[in-house]
Amino acid sequence: MKELLEQILNEESRIDKLSRQFPDIDKEVVQHYYDKALPVEDKANIDFVLSQHMKGKVSPSDHESIKHTLSIYRRNKDVLGKLSDYNSFRDLQIAAKPVAQRNRSAKEIFEEEAPVVYNEDGFKTRLITTHRASIQAAKLDKKNRYFRQLNGKANWCLSSASVLGGRQFDKYSEAGSNPIYVQHNKADNSQHVFVDAPNMSLYECYRDEAQSPVVASASHAAANIISDSNFAKTPIAKAIIKKHPEIKFFMSKIKPNVSKTEIEQHIKTSHHDIAGVALHMPNADINHIHLALQTGDNKVIEHALSHPKCPKSILEDALRDKDGTKWKALAALKNPTLTPDMLQIAINHPSGSRLPFSEEAAMSSIPTVALQHINCSEDNIESGINHSNLLVKAVASNHHNLTPRLIDKLLSYRGQYDDIMHGQAMMNNNARPEQIHEVLTSGKFFSQAKECAVKHPNALKATLEIAAHDRNHNVADIATERLNTEDYIK
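Going left to right, the sequence shown walks through residues 531 to 1020 as the numbering used here numbers them.
Calculated from the structure, these hints are not laboratory results. All C-beta atoms, glycine included, are put in the ideal place defined by N, C-alpha and C. Errors might be hidden in some of the hints.
[Stated by the list, open to error] Pairs of lysine-lysine residues, derived as DSS-like cross-links and limited to a Cα-Cα distance of at most 30 Å, are as follows: (1) Lys991 <-> Lys1020; (2) Lys798 <-> Lys773; (3) Lys768 <-> Lys672; (4) Lys716 <-> Lys654; (5) Lys842 <-> Lys654; (6) Lys607 <-> Lys597; (7) Lys1020 <-> Lys683; (8) Lys773 <-> Lys839; (9) Lys991 <-> Lys683; (10) Lys785 <-> Lys839; (11) Lys768 <-> Lys573; (12) Lys637 <-> Lys585; (13) Lys585 <-> Lys557; (14) Lys772 <-> Lys798; (15) Lys701 <-> Lys597; (16) Lys768 <-> Lys597; (17) Lys654 <-> Lys597; (18) Lys763 <-> Lys547; (19) Lys669 <-> Lys654; (20) Lys673 <-> Lys716; (21) Lys768 <-> Lys790; (22) Lys654 <-> Lys768.
[To be verified] Have a look at the derived ranges for each label pair, beta carbon to beta carbon: (23) Pro786 <-> Lys547: 27 to 35 Å; (24) Trp857 <-> Pro590: 38 to 46 Å; (25) Glu704 <-> Asp577: 23 to 31 Å; (26) Glu704 <-> Lys852: 23 to 31 Å; (27) Pro786 <-> Asp621: 46 to 54 Å; (28) Lys852 <-> Asp546: 51 to 59 Å.
Using the sequences and the hints given, assemble the complete structure.
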């Protein structure tokens, strides 16, 4: 832990030193170039960038092109020579362009677009720079606990091989401004994605293979960082600390080996955030959960309800939301141990009948949050698809546990936003070749459904041969490309 804190301080010290070295450049501009214009895996060329700024050759708004060019340079130093050989950044760009365009294998392209930025102490982290790379990075190790359930591919929306997936990637990455990491834990073969976006909560931006939140709060994340010194050194942990600098304070207050007695004292006497960290430490037990629930502090109670050791009866009461405050139910829905019966309580919540069709409502209403839970069963999802509210129906149609039978049900839906529903069905890993064939060849479906179907990995050669003549040029072009590269089920 001391090593991590020192690393954070060293980075801050580096910015101060650069500001003294380039006194005519505002410290905020130095920080901008350091964060945005340099590859995450290599900050060594900051002096070159700042020198170019001093000469008027680059400006902060150029950070994307600078980052792209320096990434090419980093991989091809043997060809491009020393940076000092270039009079201007433009000269470097011109020299780097043909190098970047040389013929590359699929593996080389992936390594370029998803470079390994960390590979130590049991963790391997890639920086994902394109939607194409995100699709490849979502492939799971055969020993991953979700491998069979998810058909070998993580369920991240930004990694979907579809037009919608590309839009989601662009939305989250903001043209490269927000780093996207995929991190593999070699100890348990888990694979998580993290979007380093300033406007996203940890609950939203840090997801496991099934698209479920990895942590419920900054306090929960702090407990993971404090209790696992190897994870604490990874790019994701560092990004979390940068996003929530209060974690550095938590690290100074909670020891990695905090005892049961000390956890009890923190719950009774500490600020609710510190109590939350203590509650998520490995030595916390059921007695600490009960103690937290009796504190009367809403924040501490939220931590207790999201804890895997929280009793079933307490969770069910929270999910019923009898007092109408909603916060207890939403806290309980962050609990990874919820069963399908418990989730159905939340799906049936009366608020579901009057929800507006919006992303905000999808992320904050009791029925829709329940329908995004990893433990949703086929019956849970079907109840969502049958729901009278359009938003609840749409959220249910996006669940990774969607079965072929439910995909058939979605494809038969006709009504408002039906093209979106059909598209969701075609983005699911469980769609069968015959269902994809129907969408692409029957003439009953529209652009979004067809553009998702033509990218589905389960598409047959015969299906793509028909789709290659589709009146929708996007569909035809994608089908033709897949046929030319033999990217289909043989």
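Taking the hints in turn, this is what the structure says about them:
1. Lys991 <-> Lys1020: holds (7 Å)
2. Lys798 <-> Lys773: Holds, because 27 Å separates the two Cα atoms, which is no more than 30 Å.
3. Lys768 <-> Lys672: holds (28 Å)
4. Lys716 <-> Lys654: Distance ~8 Å between Lys716 and Lys654 Cα, so the pair holds.
5. Lys842 <-> Lys654: violated (36 Å)
6. Lys607 <-> Lys597: holds (15 Å)
7. Lys1020 <-> Lys683: holds (20 Å)
8. Lys773 <-> Lys839: Between Lys773 and Lys839 the Cα gap is close to 28 Å, so the pair holds against 30 Å.
9. Lys991 <-> Lys683: Holds, at roughly 22 Å.
10. Lys785 <-> Lys839: Given pair Lys785, Lys839 holds - Cα atoms ~21 Å apart, limit 30 Å.
11. Lys768 <-> Lys573: Holds - the C-alpha atoms of Lys573 and Lys768 are around 15 Å apart, at most 30 Å.
12. Lys637 <-> Lys585: violated (38 Å)
13. Lys585 <-> Lys557: Distance ~17 Å between Lys585 and Lys557 Cα, so the pair holds.
14. Lys772 <-> Lys798: Given pair Lys772, Lys798 holds - Cα atoms ~28 Å apart, limit 30 Å.
15. Lys701 <-> Lys597: holds (19 Å)
16. Lys768 <-> Lys597: Roughly 20 Å between the alpha carbons, so the hint for Lys768 and Lys597 holds.
17. Lys654 <-> Lys597: holds (22 Å)
18. Lys763 <-> Lys547: holds (23 Å)
19. Lys669 <-> Lys654: Measuring from Cα to Cα gives roughly 14 Å; hence the hint holds.
20. Lys673 <-> Lys716: Holds, because 10 Å separates the two Cα atoms, which is no more than 30 Å.
21. Lys768 <-> Lys790: holds (28 Å)
22. Lys654 <-> Lys768: Holds, at roughly 14 Å.
23. Pro786 <-> Lys547: 27 to 35 Å: Check passed, 31 Å falls within 27 to 35 Å.
24. Trp857 <-> Pro590: 38 to 46 Å: Holds, at about 41 Å.
25. Glu704 <-> Asp577: 23 to 31 Å: holds (27 Å)
26. Glu704 <-> Lys852: 23 to 31 Å: With Cβ atoms ~41 Å apart, the hint is violated.
27. Pro786 <-> Asp621: 46 to 54 Å: holds (50 Å)
28. Lys852 <-> Asp546: 51 to 59 Å: holds (54 Å)
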